[in-house]
Amino acid sequence: MTLRIGTRGSKLATTQAGHVRDALIRAGYDAELKIITTPGDRNLSPVQKIGVGVFTQALREAMDRGEIDVAVHSCKDLPTGQPEGLTTIYPVRETPCEALIARDGLPLDQLPEGAKVGTGAPRRISQLRALRPDLDIRPLRGNVDTRMGKVASGELDAVILAHAGLTRIGRGDEATQVFDPTYLMPAPAQGILAVESRTAVEAISTLIDASATASAHAERAVLATLQAGCTAPLAAYSTVDGSKITLTAGAFAIDGSKQIVETATGTDPDELGRQVAEKLRARGAEEIIR
12 MTLRIGTRGS KLATTQAGHV RDALIRAGYD AELKIITTPG DRNLSPVQKI
62 GVGVFTQALR EAMDRGEIDV AVHSCKDLPT GQPEGLTTIY PVRETPCEAL
112 IARDGLPLDQ LPEGAKVGTG APRRISQLRA LRPDLDIRPL RGNVDTRMGK
162 VASGELDAVI LAHAGLTRIG RGDEATQVFD PTYLMPAPAQ GILAVESRTA
212 VEAISTLIDA SATASAHAER AVLATLQAGC TAPLAAYSTV DGSKITLTAG
262 AFAIDGSKQI VETATGTDPD ELGRQVAEKL RARGAEEIIR
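Here this note's numbering is used: the first residue of the sequence shown is 12, the next is one more, and so on.
No lab work stands behind these hints, which were simulated from the structure alone.
Be aware that a few hints might be false.
Here are the simulated lysine-lysine pairs, DSS-like style, with alpha carbons at most 25 Å apart [as the list claims (entries may be wrong)]: (1) Lys22 to Lys161; (2) Lys255 to Lys269; (3) Lys290 to Lys255; (4) Lys127 to Lys161; (5) Lys45 to Lys22; (6) Lys127 to Lys269.
Derived CB-CB ranges, DEER-like [unchecked claim]: (7) Glu72 to Thr217: 18 to 28 Å; (8) Asp75 to Gly29: 17 to 27 Å; (9) Ile219 to Glu124: 42 to 52 Å; (10) Thr193 to Arg292: 39 to 49 Å; (11) Gly116 to Asp156: 11 to 21 Å; (12) Asp75 to Ser216: 30 to 40 Å; (13) Lys269 to Asp147: 18 to 28 Å; (14) Asp147 to Val272: 24 to 34 Å; (15) Asp184 to Gln121: 17 to 27 Å; (16) Glu298 to Asp75: 36 to 46 Å; (17) Glu298 to Asp147: 21 to 31 Å; (18) Asp41 to Gln121: 47 to 57 Å.
Since the model is a prediction, treat every value here as computed from it, not as a measurement.
Beta carbons are placed, not taken as given, at the ideal position from N, Cα and C, and that holds for glycine.
Using the sequences and the accompanying hints, generate a full structural model.
Printed below as a string of structure tokens:
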């Protein structure tokens with residue numbers, strides 16, 4: 012039996028799913044890609060207007076119809092609710108960091124006053140406004156090539172992208188600045204892939220990475236506890252050292268006027284995520300991200 016791996020059709024999505032396909036083949040399973048078009052691929056409105064889960068639901072529905080056996084998502088795009096009977100595993104994580112692609116090789120602090128910077132993510136917008144209130148932040152959708160092309164054409168001075176995506180398609184060295192996550196905090200579970208299946212659980216279980224799994228659970232528990240979607244101005248990242256997990260999460264006012272950041276260390280990722288989220292809640296995070 013050949014496992015059919017569902018993926019969106021973008022270069023990044025097919026490359027990520029291709030890594031999963033190749034890993035399953037190395038583990039002794041036949042596997043192939045099947046492209047599934049999602050509403051998010053057809054609608055270029057900001058993601059927060061289209062709805063949470065816009066990139067994932069079509070793949071899950073294709074699985075329910077029996078068209079595919081496995082679905083591959085960027086974990087940061089997944090809703091926090093887990094459908095009954097669905098198993099999700101997390102392979103080795105790529106870097107969680109954010110990256111700047113700017114004209115003339117400039118870092119963020121050297122962009123000229125009023126520079127046009129493209130991003131559609133409220134999390135990035137809020138942090139950029141706190142760091143550089145003078146920037147002219149423009150909405151941005153489309154695949155990686157389209158976004159980077161707006162800098163090459165001169166339409167924008169810079170764009171912010173996940174460095175993991177750039178790295179996976181072999182363009183990581185084109186970043187003019189890779190931000191330390193303490194400076195520009197990434198989305199919860201950024202750089203982690205989520206591989207889902209109902210029928211090929213044994214096969215996908217060969218891909219599990221313990222550190223990525225701990226990070227995914229801890230960071231996504233922050234979202235779930237605060238009942239925030241993947242488009243909320245909420246960030247989280249973690250480091251794993253043996254059984255010890257250190258989690259940092261932050262909530263950011265969209266106008267850049269206020270930031271709340273909390274850190275904690277523990278061994279139970281889900282409990283750690285809830286603990287950090289409650290610390291944020293006690294300091295008014297829900298009002299900020301609303």
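Next item on the list: List, from low to high, the hint numbers that the structure doesn't satisfy.
Entry: 2, 10, 12
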